[in-house]
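Start from the sequences and build out the full structure, keeping to the hints where you can.
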Amino acid sequence: MRFMRNRGVGALALALLLSLPLPALAALNIVATTASLGMLANEVGGEQVSVTVLAAPDRDAHYLDARPSFMAALRRADMLLEVGAGLEEGWLPAAQRGAANPAVNSGRETHFVGASILPLRRSITMDGPNVGHVHAEGNPHFNVDPMRMASLGEALARRLARLDPAHAEAYHARAGALAETLREQTRQLAEGVAEQRIVVYHEDLDYLEEWLPVEVVGYLEPAPGIPPSARHLGELVGKLQGTEGRVLYASFQPAKGAEFLQRQLGWPATSVALEPQTPTLEGYLALMRDWVDALDAR
Amino acid sequence: MIKKNVKGTLAGLTTAALIMPTLAMAESGGERDWDIDVSLILEGFYFNEVSSGNQTPAGFSDHDHGHDHGHDHDHSLSDGFNLGHSELVIESRLGDLLDGTLLIGFDEDHIEVEEAYLVTRALPAGFQLKGGKFLSDVGYMNSRHPHDWDFADRPLVNRFLFGDHGLQETGLQASWVAPTRTFTRFGVEVLQGDNGSFNRFMAAGGGHGNGHDHDHGGGHDHGHDHGNGHDHGHDHGGGHDHGHDHGGGHDHGHDHGSGHDHDHDHDHGHGHGGAPYSQQSAPRLFTAFVKTGPDLGPDHALQLGASTGYNRQVSRVEDHGHHAHALEGDAWFAGLDLAYRYDAGRAYGQGDWRVTSEYFHVWRNLDEHVEHGSWEKRESHRERQDGMYLEAVYGVAPRWQAGLRTEALGLTNKVVDFHPTEVESLSTSYRHSAQVTFRPVEPVFLRAQLSQNDFAAAGGERDRGLELMFQVNVALGAHGAHRF
Ligand SMILES: [Zn+2]
Numbered sequence: 001m002r003f004m005r006n007r008g009v010g011a012l013a014l015a016l017l018l019s020l021p022l023p024a025l026a027a028l029n030i031v032a033t034t035a036s037l038g039m040l041a042n043e044v045g046g047e048q049v050s051v052t053v054l055a056a057p058d059r060d061a062h063y064l065d066a067r068p069s070f071m072a073a074l075r076r077a078d079m080l081l082e083v084g085a086g087l088e089e090g091w092l093p094a095a096q097r098g099a100a101n102p103a104v105n106s107g108r109e110t111h112f113v114g115a116s117i118l119p120l121r122r123s124i125t126m127d128g129p130n131v132g133h134v135h136a137e138g139n140p141h142f143n144v145d146p147m148r149m150a151s152l153g154e155a156l157a158r159r160l161a162r163l164d165p166a167h168a169e170a171y172h173a174r175a176g177a178l179a180e181t182l183r184e185q186t187r188q189l190a191e192g193v194a195e196q197r198i199v200v201y202h203e204d205l206d207y208l209e210e211w212l213p214v215e216v217v218g219y220l221e222p223a224p225g226i227p228p229s230a231r232h233l234g235e236l237v238g239k240l241q242g243t244e245g246r247v248l249y250a251s252f253q254p255a256k257g258a259e260f261l262q263r264q265l266g267w268p269a270t271s272v273a274l275e276p277q278t279p280t281l282e283g284y285l286a287l288m289r290d291w292v293d294a295l296d297a298r
Numbered sequence: 001m002i003k004k005n006v007k008g009t010l011a012g013l014t015t016a017a018l019i020m021p022t023l024a025m026a027e028s029g030g031e032r033d034w035d036i037d038v039s040l041i042l043e044g045f046y047f048n049e050v051s052s053g054n055q056t057p058a059g060f061s062d063h064d065h066g067h068d069h070g071h072d073h074d075h076s077l078s079d080g081f082n083l084g085h086s087e088l089v090i091e092s093r094l095g096d097l098l099d100g101t102l103l104i105g106f107d108e109d110h111i112e113v114e115e116a117y118l119v120t121r122a123l124p125a126g127f128q129l130k131g132g133k134f135l136s137d138v139g140y141m142n143s144r145h146p147h148d149w150d151f152a153d154r155p156l157v158n159r160f161l162f163g164d165h166g167l168q169e170t171g172l173q174a175s176w177v178a179p180t181r182t183f184t185r186f187g188v189e190v191l192q193g194d195n196g197s198f199n200r201f202m203a204a205g206g207g208h209g210n211g212h213d214h215d216h217g218g219g220h221d222h223g224h225d226h227g228n229g230h231d232h233g234h235d236h237g238g239g240h241d242h243g244h245d246h247g248g249g250h251d252h253g254h255d256h257g258s259g260h261d262h263d264h265d266h267d268h269g270h271g272h273g274g275a276p277y278s279q280q281s282a283p284r285l286f287t288a289f290v291k292t293g294p295d296l297g298p299d300h301a302l303q304l305g306a307s308t309g310y311n312r313q314v315s316r317v318e319d320h321g322h323h324a325h326a327l328e329g330d331a332w333f334a335g336l337d338l339a340y341r342y343d344a345g346r347a348y349g350q351g352d353w354r355v356t357s358e359y360f361h362v363w364r365n366l367d368e369h370v371e372h373g374s375w376e377k378r379e380s381h382r383e384r385q386d387g388m389y390l391e392a393v394y395g396v397a398p399r400w401q402a403g404l405r406t407e408a409l410g411l412t413n414k415v416v417d418f419h420p421t422e423v424e425s426l427s428t429s430y431r432h433s434a435q436v437t438f439r440p441v442e443p444v445f446l447r448a449q450l451s452q453n454d455f456a457a458a459g460g461e462r463d464r465g466l467e468l469m470f471q472v473n474v475a476l477g478a479h480g481a482h483r484f
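Respectively, the protein sequence lines represent chains W and G.
When we follow the working numbering, the leftmost residue of the first sequence carries the number 1, and every step to the right adds one.
When we follow the working numbering, the leftmost residue of the second sequence carries the number 1, and every step to the right adds one.
Just so you know, these hints were derived from the structure itself, not from any lab.
Errors might be hidden in some of the hints.
[Unchecked claim] A partial selection of chain G residues facing chain W, derived with a Cβ cut-off under 7 Å:
1. ASP96
2. GLY100
3. ARG121
4. ALA122
5. GLN128
6. VAL177
7. GLY293
8. ASP295
9. PRO298
10. GLN303
11. GLY305
12. GLY351
13. ARG483
[Claimed, not checked] Computed Cβ-Cβ distance ranges for the label pairs, DEER-style:
14. G/ASP299 <-> W/LYS256: 18 to 28 Å
15. W/GLU47 <-> G/ASP148: 53 to 63 Å
16. W/ALA194 <-> G/ASP148: 45 to 55 Å
17. W/ALA255 <-> G/ASP148: 28 to 38 Å
18. G/ASP148 <-> W/ASP58: 19 to 29 Å
19. W/GLY234 <-> G/ALA288: 50 to 60 Å
20. G/PRO179 <-> W/ALA194: 32 to 42 Å
21. G/ALA288 <-> W/ALA286: 46 to 56 Å
22. W/ARG197 <-> G/ALA122: 44 to 54 Å
23. G/PRO398 <-> W/ILE124: 17 to 27 Å
[To be verified] Okay, the calculated bits of chain G under chain W, using three or more residues with CB under 8 Å as the criterion:
24. 181 to 188
25. 338 to 349
We put the CB at the ideal spot given by N, CA and C, even for glycine.
Rendered as structure tokens:
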């Protein structure tokens, strides 16, 4: 046993040596919970920041584990970017606590929460009786609206400028350029989309309504976070029978409900990504085009 | 008019903010300044003992001389409906200086402050201090509450080495998270040592060895008495015959008071006076742990842990009527733990895996004292015991999980027996469990669990028992984030 313990200590020391941090860079170490926020950090922060994204782009950020790698990233962070409004409530508070790094504490200037800066779409959870489902503080999936992302980029620039006044001008300039690109792209893409009705799985893609000529006429989930029930789907079909539209759902959401609607109503069902594959403007612009491609063109 | 009112309100808020600067300074983004999260976790059980086997694994009861007396379960469930272990959790923040947690556990007939602690949030460089009453961070399962478990009951190794509530102690913890890419956290704890019994030993300071469980093994029909404050000093009456019958039911009469009465002598019915050793002053229990978890990408997550602990004084007294034996000494433990998670990236946990395993080993260096009128020191002995479990849970369908757990207790099971006094090697006990869990919505789960106990008795014979449990667990209110 003594031998085993010694060997354990040796292995541990080796693991520590191998994982020692790189020589400190001057860059601000930013941890973003989602790839969309990571995009803002990269685009606004430029070479002044280095960015780590916690949630993989193909995962539901509502439901993740407060895994050790998240705590390790937060331990070394100078700043944390969070979506907020309860999106990460199942795991981020535990990871923040486990990181033992005051810089990522809620309330600090270095903790940037998108949902407390932007106006959010209302959620049906806010009006109905709450049986423990999500979105009680409003719909947190604002990353689906590029106009909100543009505003948030500008807010991030203001925050970065306060934290790092030496580069204030650069932050503002980059956020301005980002906002302009996003607004221009939004305008162009919206022009190419026909007016249409859509059903979405969760209260997330309904943010498309904010910038595209689409009308959300239903959700596959009876309430956010509650899986589709046969009864709810039946009601949807009853309501939408004889009309035209499309069904959109995120790639990590089950296809079953969407396929049911496709069979019953003849509405084409398409799965799309919710987050950019890479946390860059390029990635985000590609995501915007994917959303538009899933809809009927004008 | 309206404007004025708003102004008045703002003025009031400003005053409040000035009076309570710490509370108001925290947020800049317009969020709540003063968070108090309250959650209530309610649990119900339906329990059925399909067939009854040995109640207590050999070497792990406090009166363990070959007989199992009866029909009582050695946990607190009785046949039929039970209010399980429910909790009221209040969590709050003092700015970003401290987190405070109060956790009150209750069941049908007792209520207890299980945890009440503060954790620093403002120390630099990865340091954190925690003080109060809390669950030790040794191992994996010890610091987790029943609501977080994948099975309905506590693993045997945790229960029989650390007590019915695990290693739950009052004291101080200091930890450090290294600034490494691989998550690494070191911690040390200095604990009072009232509950750190390491099996069938009374912690020196009072209270009963196994925390709150006074019900190992058969015989006593008082179910569980949790001694919440008053001096109960039970006689367990005739339940505890040791096989050596000295006539007339020896009272083990452990003093169960865990609250006000700290003046426990080990009160063994026949008044064998005093203890043969001087009591070490508290804190008596010291632990150290390390946890590490590499970054394995979005699909896999792993945490490995190692922990050790030292208890300066453990003791056990056995009253044999006209004479008594006492064992007194110190104890060490060491353990390894592993938690692996696979995230399949599908909705509602389908395809996910959760694998958890722990191994613990305990050593006790004990002096034997014998009393025939007065105490006399005899030989020294070394006891060794261990235990482990391995459990795996798989997301068989959206919102449905199924899991298997296998446990062994006493793979090494060397304990002192009397007449003649020697270190005996007892057999290993096993338990195998299967569970199915359904989560209709996030804060609710329903679970069915089947467990086969294959417990050895001290004499070596084995007896199997089968238990069926249905568990309902509901978390109401602001249920906090789960730790890894
Ligand atoms: Zn959502």
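**In rising order, the numbers of the hints this structure does not comply with** = Going through the list in order, the structure violates hints 2, 11, 12, 15 and 20 and respects the others.
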